[in-house]
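Chains A and B are the protein sequences, given in the same order. Taken in order, the first sequence gives residues 24 to 132; the numbers are from our numbering. Taken in order, the second sequence gives residues 24 to 132; the numbers are from our numbering.
Derived from the structure by calculation, the hints contain no laboratory data. Treat the hints loosely; a few may be bogus.
Same chains, same label: a pair holds when it works inside one copy or across any pair of copies.
Derived pair list, reagent style PhoX-like, types lysine-lysine, alpha-carbon separation capped at 25 Å [said to hold, decoys possible]: (1) Lys99 - Lys38; (2) Lys38 - Lys102; (3) Lys36 - Lys105; (4) Lys93 - Lys53; (5) Lys34 - Lys102; (6) Lys93 - Lys105.
Protein chains: 2
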Amino acid sequence: MENVDLDTVNKVKPKMPDTTLLYELSDFFKLMGDSTRIRLLWALEENEMCVGELALLLNMTKSAVSHQLKALRSAKLVKAQKRGKNVFYALSDHHVRTVLEMALEHVAE
Amino acid sequence: MENVDLDTVNKVKPKMPDTTLLYELSDFFKLMGDSTRIRLLWALEENEMCVGELALLLNMTKSAVSHQLKALRSAKLVKAQKRGKNVFYALSDHHVRTVLEMALEHVAE
DNA sequence: ATTATAGTTGAACAACTGTTCAACTGTCAA
DNA sequence: TTGACAGTTGAACAGTTGTTCAACTATAAT
Numbered sequence: 024m025e026n027v028d029l030d031t032v033n034k035v036k037p038k039m040p041d042t043t044l045l046y047e048l049s050d051f052f053k054l055m056g057d058s059t060r061i062r063l064l065w066a067l068e069e070n071e072m073c074v075g076e077l078a079l080l081l082n083m084t085k086s087a088v089s090h091q092l093k094a095l096r097s098a099k100l101v102k103a104q105k106r107g108k109n110v111f112y113a114l115s116d117h118h119v120r121t122v123l124e125m126a127l128e129h130v131a132e
Numbered sequence: 024m025e026n027v028d029l030d031t032v033n034k035v036k037p038k039m040p041d042t043t044l045l046y047e048l049s050d051f052f053k054l055m056g057d058s059t060r061i062r063l064l065w066a067l068e069e070n071e072m073c074v075g076e077l078a079l080l081l082n083m084t085k086s087a088v089s090h091q092l093k094a095l096r097s098a099k100l101v102k103a104q105k106r107g108k109n110v111f112y113a114l115s116d117h118h119v120r121t122v123l124e125m126a127l128e129h130v131a132e
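Using the sequences and the accompanying hints, generate a full structural model.
Quick look at the structure:
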C-alpha cells in the first residue's frame with residue numbers, strides 16, 4: 024500500500040536523459056569537483072604553462088600536477104604540447120571557461 | 024636551475040581566485056559529480072516529488088535517496104516540505120537548470 | 001658519453017564517498 | 001493505543017580518489 028503518485032513517476036520517467044549521457048555528465052562534473060583540477064583549469068585559462076610552472080604556481084609536486092593533468096587530458100579538457108624539455112599545457116576548449124564562470128556566478132551569490 | 028618562466032607564474036598568481044571561493048566552487052561541482060544526485064536534480068526539475076516517488080523512479084532504496092537529498096539540501100540546491108506523511112522535494116533554485124544544460128551541451132558534442 | 005633537468009608512471013597509502021542495514025521518529029488510520 | 005507506512009539517521013562496509021614516493025624516459029648541455 025505505497026503512498027506514491029504513480030502517474031507522476033510515469034510522467035517523469037520518459038523525460039529522464041539516457042543513462043550513458045547521465046554518466047558522461049556526472050563524470051564531467053566529477054572532474055571539476057576537485058580544487059586542484061579547478062585551479063589548473065583556471066591557471067591555464069590565463070596562460071598556457073608547463074608542468075613545472077603549474078607546480079610552482081599551485082605549490083605542488085610535479086608528480087601530483089602531472090597526474091591531474093593526465094585526468095584533464097583524457098577528458099579532452101586540456102591539450103599537451105612538448106617543446107624541448109618542457110610539456111606545455113593549454114585549455115583545449117573554451118567551453119570550460121563558460122561552465123566555470125556559470126558556476127562561479129552560482130556560488131558567489 | 025629551474026627551467027620555468029617566473030614572469031608567467033607571477034603574472035598568473037594574482038589572477039587566481041580566492042582560496043575560499045575555489046573550495047566552494049569545487050564543492051559545488053563535487054555535488055554534481057554523482058549520477059544519483061544528477062538524476063535527482065533532473066527529476067525534480069520536471070516535478071516536485073516525495074522520497075518514495077524518487078526512490079521508485081530511480082530504483083533505489085528510500086534510505087539511499089534520503090541520504091543524497093540531505094546532501095543536496097545542505098547545499099541549498101533543493102528544498103523540502105513536509106505534507107502529511109510525505110516529504111516533498113523541489114529545486115530551490117533554477118540556476119541549477121542552467122548549469123545542467125550548459126554541461127549537457129558540453130558533454131553532448 | 002655523461003650528467004642534469006622535465007616530466008611521466010605505477011604502486012602504496014590514507015582519506016573520502018555512496019550504499020546498505022537496522023534502529024529510530026513522526027504521522028495517519030483503524 | 002495500536003499498527004502500518006514515510007522518511008531520517010548513524011555505523012559499517014566496500015569502492016574510489018588524490019598525493020607521495022621511487023623508478024623510469026626523454027631531452028639538452030657540457
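Is it within, between, both, or neither for Lys36 and Lys105, if the alpha carbons may be no more than 25 Å apart?
Only across copies: Lys36 and Lys105 sit 23 Å apart there, 48 Å inside one copy, limit 25 Å.
Go through the copies and call it for Lys93 and Lys105: within, between, both or neither, with a Cα cutoff of 25 Å.
For Lys93 and Lys105, the Cα distance is within 25 Å only inside one copy (14 Å; across copies 46 Å).
When no copy is named, should Lys99 and Lys38 be tagged within, between, both, or neither for a Cα gap of at most 25 Å?
between (29 Å within a copy, 24 Å between copies)
Regarding Lys38 and Lys102, is the shortest C-alpha distance of 25 Å or less found within a copy, between copies, in both, or in neither?
Intra 35 Å, inter 22 Å, cutoff 25 Å: inter-copy only.
Please sort Lys34 with Lys102 into within, between, both or neither, judging by C-alpha distance up to 25 Å.
between (42 Å within a copy, 21 Å between copies)
One pair to classify: Lys93 and Lys53, alpha carbons no more than 25 Å apart. Within, between, both, or neither?
both (15 Å within a copy, 19 Å between copies)
This entry satisfies every hint, going by the numbered hints stated previously.
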